[in-house]
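Asks: For reference, the chains in residue letters:
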Amino acid sequence: MPLKGEPLTAPNAAPSVPDDGDLVSRCQRGDTAAFNELVTRYRGKVFAMIYNMVHNEQDAWDLAQDGFLKAWKSIGRFRGQSSFYTWLYRIVMNLTIDFLRRKQVGGETEFDDSIGLRNIDPGSVTTPRTGILPHEKVTGDEIRARIDAAVSRLSPEHRAVILMREIEGMDYREIADALECSMGTVMSRLFYARKKMQSMLRDVYENL
Amino acid sequence: MKTFEEKFTAWVDGRLTGSELAAFERELEEHPEALAEKEAALELGGLLRAHLAAPPLRNADFFNQQILQQIESSVRPAAPAPAPRRSFWTLPRMAFSGAFLLLLASLLYFAAVPNTRREVRRDQQYVTNVLNAQSDDPNITATSFHSDQDNVNVVWLDGLSYMPPDHKLK
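Residue numbers (numbering that gives the first Met the number 0), protein chains in the order written: chain B, 0 to 207; chain U, 0 to 169.
Here chain U stands alone, though its shape is the one from the complex:
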């Protein structure tokens, strides 16, 4: 249901037709000033159209350019994400650390393992040298044994008549 104002506006703008127009014109018989009001409204429209020409948009190209610049700046790619934190254990560092730990373990071994055991090994090496030595005289025999009680290796030589001075026990 349209109000009087809505119907009056539609009537002024020529939007009422048929039965709706007839019904409204009957309603207007109670408003003798309506026709003059309609004329005034139409004159007003003509006056506005004749005199409300806006000034042209100055620097129209600059207008577009400014808009495009703002669009470009607003869609500028976001700042690159920070690089993921690198682990401390890079491959070179791991290799270096491994070598360092190996060296440390070796040092600890030599520092902590009793010297006697190493001495035994040194003796064993010496005995081995003796045993591997060749002699032209078949009467010379060499025997070695290890004394657990004294923790020493003993080399026993038989048939050796001469001992070079540098091999004498000191």
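Okay, chain B solo, but in the shape it has when bound:
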């Protein structure tokens, strides 16, 4: 039984990890170290999400950086009505969707699956790796290329919805918050995105 004035926690207890809300409050007071912590916490997920949207590492890197910088500049206006993670995704998704729209307007063609298959490094598909059999690697690369090609043929909004739902596991409300649209719109977009992906990838998952 602890004596009066004695701390209730064990003396060797690990220091508590600040939650997002604490870090956001510190950021709003200009604490860049707190923001650095938030960047570390979410950089991997943000980068992965963007990468699956744009299929280019450098573009994903740049967009992720832009997203975090924009978040820093806007963090004074964050009122905690959604989670920081959802709020950050909204910023990042807006940037990424704008980027994809500009690419389309600029005349850059959508991903062509034949190009995607040609871009696979021959060495990477023939060199045996430990733990993965060569034929499994080939299959994995081919499937990845087919999926990337199919995702590239979706509109930016449909890409965002299906990736947030299937890869990130976000629920409809979170996706709606991130994309600033209604839940009905999210469900409708998800319906059509799935339909289109199924039609493009049916042969892939039927032959697995």
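Because the hints were derived from the structure by calculation, they are not lab data.
Watch out, some of these pointers could steer you wrong.
[To be verified] Below, simulated BS3-like cross-link-like pairs (lysine-lysine); rule was C-alpha separation at most 30 Å, straight line:
1) 37(U) with 44(B)
2) 37(U) with 195(B)
3) 37(U) with 194(B)
[Said to hold, decoys possible] Quick partial rundown of chain U residues pointing at chain B, CB under 8 Å, derived from the structure:
4) 50
5) 53
6) 65
7) 144
Yeah, the Cβ is synthetic: ideal placement off N, Cα and C, and Gly gets one too.
Given the coordinates of chain B, work out where chain U should sit on it, guided by the hints.
Replies: Just chain U, lined up with the frame of chain B:
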């Protein structure tokens, strides 16, 4: 009121429950392909999750560092405001100017005021000297007056038998 697409999506994701689920399943009796579509959608989700692993973020620390550098540069203190313009009339300049004006006024005074008046003053000083002079001989008296007509001061000495050569009028 949800559309068919919205309800179908919720059904695939297991978000329909109770009466809403029952009503939709009755609606699906007119769509015999719906169950296969649901299976295909679930397979698609599994396929995406299995194969859409993004490459890890390379140079993660550098990623943070770049962001912090840009933040630091964007919050760099603004250039200092230009110093307020100093007035020309600093204290030393005012003192100097005052002395200069005083000197100028003096010069103007000596240049503009008629010499006669100054001469009068010089005479008066001389008369004063005379009047202040002491003499052992009580018979010697000195009288002075000013002639306005001639504008001169006159010193009249009585009882003085001898005039030193350097005091003679020239």
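Asks: If you test the structure against every hint from before, which numbers come out violated?
Replies: Violated hint (a single one): 7; every other hint is consistent with the structure.
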